[in-house]
Amino acid sequence: MIYGCSGTVLTDAEKAFFADVRPAGFILFGRNCLDPDQVVALVTELKNISGQAETPILIDQEGGRVQRLGRPHWPDRPAAAVFRNLAAHDLPSATAAARLNAELIAADLAALGINVNCAPVLDVPAAGAHEIIGDRAYGDDPDTVAALGLAVCEGFFSRGIMPVIKHIPGHGRAGADSHLELPIVDAAAGDLSTIDFRPFQALSRMPFFTPWAMTAHVVYTALDPDRPATTSTTVIKDIIRGTIGFDGVLVSDDIGMKALGGPFAGRATQSLAAGCDLVLHCSGEMAEMEDVAKGLRPITSEASARLARGGAMLGGGGDWDKGAAQARLDEILATGRAG
Numbered sequence: 044m045i046y047g048c049s050g051t052v053l054t055d056a057e058k059a060f061f062a063d064v065r066p067a068g069f070i071l072f073g074r075n076c077l078d079p080d081q082v083v084a085l086v087t088e089l090k091n092i093s094g095q096a097e098t099p100i101l102i103d104q105e106g107g108r109v110q111r112l113g114r115p116h117w118p119d120r121p122a123a124a125v126f127r128n129l130a131a132h133d134l135p136s137a138t139a140a141a142r143l144n145a146e147l148i149a150a151d152l153a154a155l156g157i158n159v160n161c162a163p164v165l166d167v168p169a170a171g172a173h174e175i176i177g178d179r180a181y182g183d184d185p186d187t188v189a190a191l192g193l194a195v196c197e198g199f200f201s202r203g204i205m206p207v208i209k210h211i212p213g214h215g216r217a218g219a220d221s222h223l224e225l226p227i228v229d230a231a232a233g234d235l236s237t238i239d240f241r242p243f244q245a246l247s248r249m250p251f252f253t254p255w256a257m258t259a260h261v262v263y264t265a266l267d268p269d270r271p272a273t274t275s276t277t278v279i280k281d282i283i284r285g286t287i288g289f290d291g292v293l294v295s296d297d298i299g300m301k302a303l304g305g306p307f308a309g310r311a312t313q314s315l316a317a318g319c320d321l322v323l324h325c326s327g328e329m330a331e332m333e334d335v336a337k338g339l340r341p342i343t344s345e346a347s348a349r350l351a352r353g354g355a356m357l358g359g360g361g362d363w364d365k366g367a368a369q370a371r372l373d374e375i376l377a378t379g380r381a382g
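Just add 43 to wherever you are in the sequence shown, counting from 1, and you've got the working numbering.
Hints are supplied without guarantee of correctness; some may be wrong.
[To be verified] Calculated pairs, DSS-like style, for lysine-lysine (alpha carbon to alpha carbon, straight line, at most 27 Å): (1) Lys90 with Lys337; (2) Lys58 with Lys280; (3) Lys337 with Lys365; (4) Lys280 with Lys337; (5) Lys90 with Lys58; (6) Lys301 with Lys280.
Simulated from the structure, these hints should not be mistaken for laboratory data.
Could you build the full structure based on these sequences and the hints that come with them?
Have a look at this one:
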């Protein structure tokens, strides 16, 4: 289980609950991030509760409209669409810029003790789809998305941050926002395979690293007409683990989203039974968290092995000039805008 918390410091109730449930990790949102010293203290306390310095501490720091750390203490980072637009006429510069941007984001996170970033988005947006993906996408075609997504993952890995590719097996065709309702995609299986799956396939079969992945709360009628990917054994075992070939840590998207229905305990149980390694719950609402806990089980040996293998692949940082990286990124983007 990955849990959120309610504010900038843990309440006594949260401390007792987390000590009892022993989550696999935690996720932070803007409500949890006031300034660097406060975030470091909160992250330290969460890791102390877990008893493990390497406890996964997640955040969504994509850039653009999805970034939990912002001004005045952290810089605004560009949206994926900035790199997508540059790639349209200069893919090598776009990939270099995407990697530099990822390195800079990773440095921001590592300084706080955060070690997992829920990015990059590998969804390929389709014409007429809901804008929930929109400028979060790195391209309009699978090859560009894969190339820029790989550069982002490399940048995160190089600075010791685990990337989470999302939303597997693809959210780009969804006509609805899964935060608010359940999207149903009627595309043919062949179309999904040749477009939507391809960026995830490309990043699932890298020889030197395996990122985490986050599921899509989307029904694909050609794959499983009855269940969204998160709770579908067919989609997870046959498509994500099979066709796509993903063998890293698989975490659900937030089970508090309205795309999923029923009691929270049932949502957790169904996600784990379908094949998710970890379940994500984000709101920090204690009543919901207690209900979720009723549907949990100890982590499997397979999931533990995936967690350990992923952590062992992370880079250690090494010599690096943050100022030079920022200057080079600014130069590439300025040249791209001028061009």
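**OP:** Kindly indicate which numbered hints from before are broken by the structure, ordering the numbers from low to high.
**Re:** 2 and 3
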